[in-house]
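Colleague: Listed here are the chains, written in short residue letters.
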Amino acid sequence: MIEFSLWDILRNLLLATRWTLILSVIAIFGGGLIGFVLLILRLLHIKPLGVMINLYVELFQGTPLLMQLFLFYFGLALFGIDTSVWISASAALILYAAAYLTEIWSGCIRAVPKGQSLAAKSLGLNFIQELKYIIFPQAYKLSIAPTVGFLVQLIKGTALTSVIGFVELTKSASMISNVTFKPFLVFSSVALIYFVICFPISWLATRIESKMNLNTSPS
Amino acid sequence: MNIAFDFWAVFEQWPLLLTGVAWTLGLTSLSGIFGLSLGVVMAWARLEAVRPNHDLHRKKISRVLDILDKLILFYVELIRNTPFIVQLFFIFFGLPALGLRLSAEVASVLAMVINLSAYSCEIVRAGLEATPPAQVQAGESLGLKPVQIFKHVVLPPALFKVWPALVSQIIIVMLGSAVCGQISTEELSYSANLIQSRNFRAFESFITAAFIYLLLSIAIRWLLNKVGRQVIFKGMVSHD
Chain D
1 MIEFSLWDIL RNLLLATRWT LILSVIAIFG GGLIGFVLLI LRLLHIKPLG
51 VMINLYVELF QGTPLLMQLF LFYFGLALFG IDTSVWISAS AALILYAAAY
101 LTEIWSGCIR AVPKGQSLAA KSLGLNFIQE LKYIIFPQAY KLSIAPTVGF
151 LVQLIKGTAL TSVIGFVELT KSASMISNVT FKPFLVFSSV ALIYFVICFP
201 ISWLATRIES KMNLNTSPS
Chain U
220 MNIAFDFWAV FEQWPLLLTG VAWTLGLTSL SGIFGLSLGV VMAWARLEAV
270 RPNHDLHRKK ISRVLDILDK LILFYVELIR NTPFIVQLFF IFFGLPALGL
320 RLSAEVASVL AMVINLSAYS CEIVRAGLEA TPPAQVQAGE SLGLKPVQIF
370 KHVVLPPALF KVWPALVSQI IIVMLGSAVC GQISTEELSY SANLIQSRNF
420 RAFESFITAA FIYLLLSIAI RWLLNKVGRQ VIFKGMVSHD
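Keeping their order, the protein sequence lines are chains D and U. In this text, residue positions in the first sequence follow my numbering: the first is 1, and each later residue adds one. In this text, residue positions in the second sequence follow my numbering: the first is 220, and each later residue adds one.
No wet-lab data here; the hints were simulated from the structure. Even glycine gets a Cβ: it sits at the ideal position worked out from N, Cα and C. Among the hints, a few may not be true.
Among chain U residues calculated to face chain D with C-beta under 8 Å, some are [as the list claims (entries may be wrong)]: (1) E296; (2) F308; (3) L317; (4) Q401; (5) S403.
Just need the whole structure built from these sequences, with the hints factored in.
Modeller: Structure below.
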């Protein structure tokens, strides 16, 4: 029988951490891209399109991420797509992230005073110019803190992909704890690893937020 | 390509779904009550620690409060920066190694209470901090004890202010409870899993469960926001 030393356990957990990180990166960029497209579509103010996007957001925010993962895992296969866990986990997380990000960013754009948009129109700027030069630069600053905050939620969300068999940090923790019979040690180490990844990011988000509050407070 | 959906095979198992919904609601209400209470207590402790006091008698306990404040802050950050599933696994698989063996249901409730308490502590604290100092002074001048001031003067308007955020957090915890099925708590996602293992209708049973979750979150939001606001905060008016 092979004995696992503390270093063996930690090394394997750290090796698995990269899959958590890679999946997070895929989800945040994929979700950001789709979220941005949905944001633009929302800003066009076409009634049926807006309703559909609202429905999409409500659907993904009102159901558990775990159910979404299951649906993608079993559902994509029904449509003849060969579902590796990579594809179903990425697809579910990307759409999950897109729903949240488009909602966060819409909020930031709503926070830009209406007069700015009217002023842009009165200057004769078209839709794209208005967004590019007037709305986005102002909304962008507001959006950094909540977006960074959401990144933490997303990284924590990747832990759920372990349930459909994606071998990332949490899944390898379960596997290692099954082999070593040291669940206490393994799961505390895993919690620590997640903490080390997420805490600096949430700290950054809080810092940006308080800095923004100082800058925008009425003088 | 021909896909035939058979939702009837899922609906036939309605007693299972009903049990799942009951468990999910039970877990959510238990953790809502205890998690929120714990969150309020922790928020109060943190507020007391930062409150400047010139009272000599209070100087002694202020050091204790300082340490307590640091501990709570650590707890809150630890919980908020680790995934719920890891917290759950730690409680269910990890704690027995220390001799604390919990049933799946107790472990689920405990994990949800811990999770909700950390988030609600921060939310409630934001509400408490918005209390005008004059209101506390008014309470003091009426001769109320600190506990009475907190209970009757500070807490109700603070909770009223942050109620929507708390409701959202309770719903997030309810959705998170889907993970509890992984340690064999018989909540809704566990039922969905059981149904698909009986009839092999995986897609249909998970989409049904997802839809029920959606209905539950809409219903809970409506119930707590509209009805709860009128019942719990009778006679209060929103000033914003």
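Colleague: Sort out which numbered hints this structure fails and list those numbers smallest first.
Modeller: Structure breaks hint 5 only.
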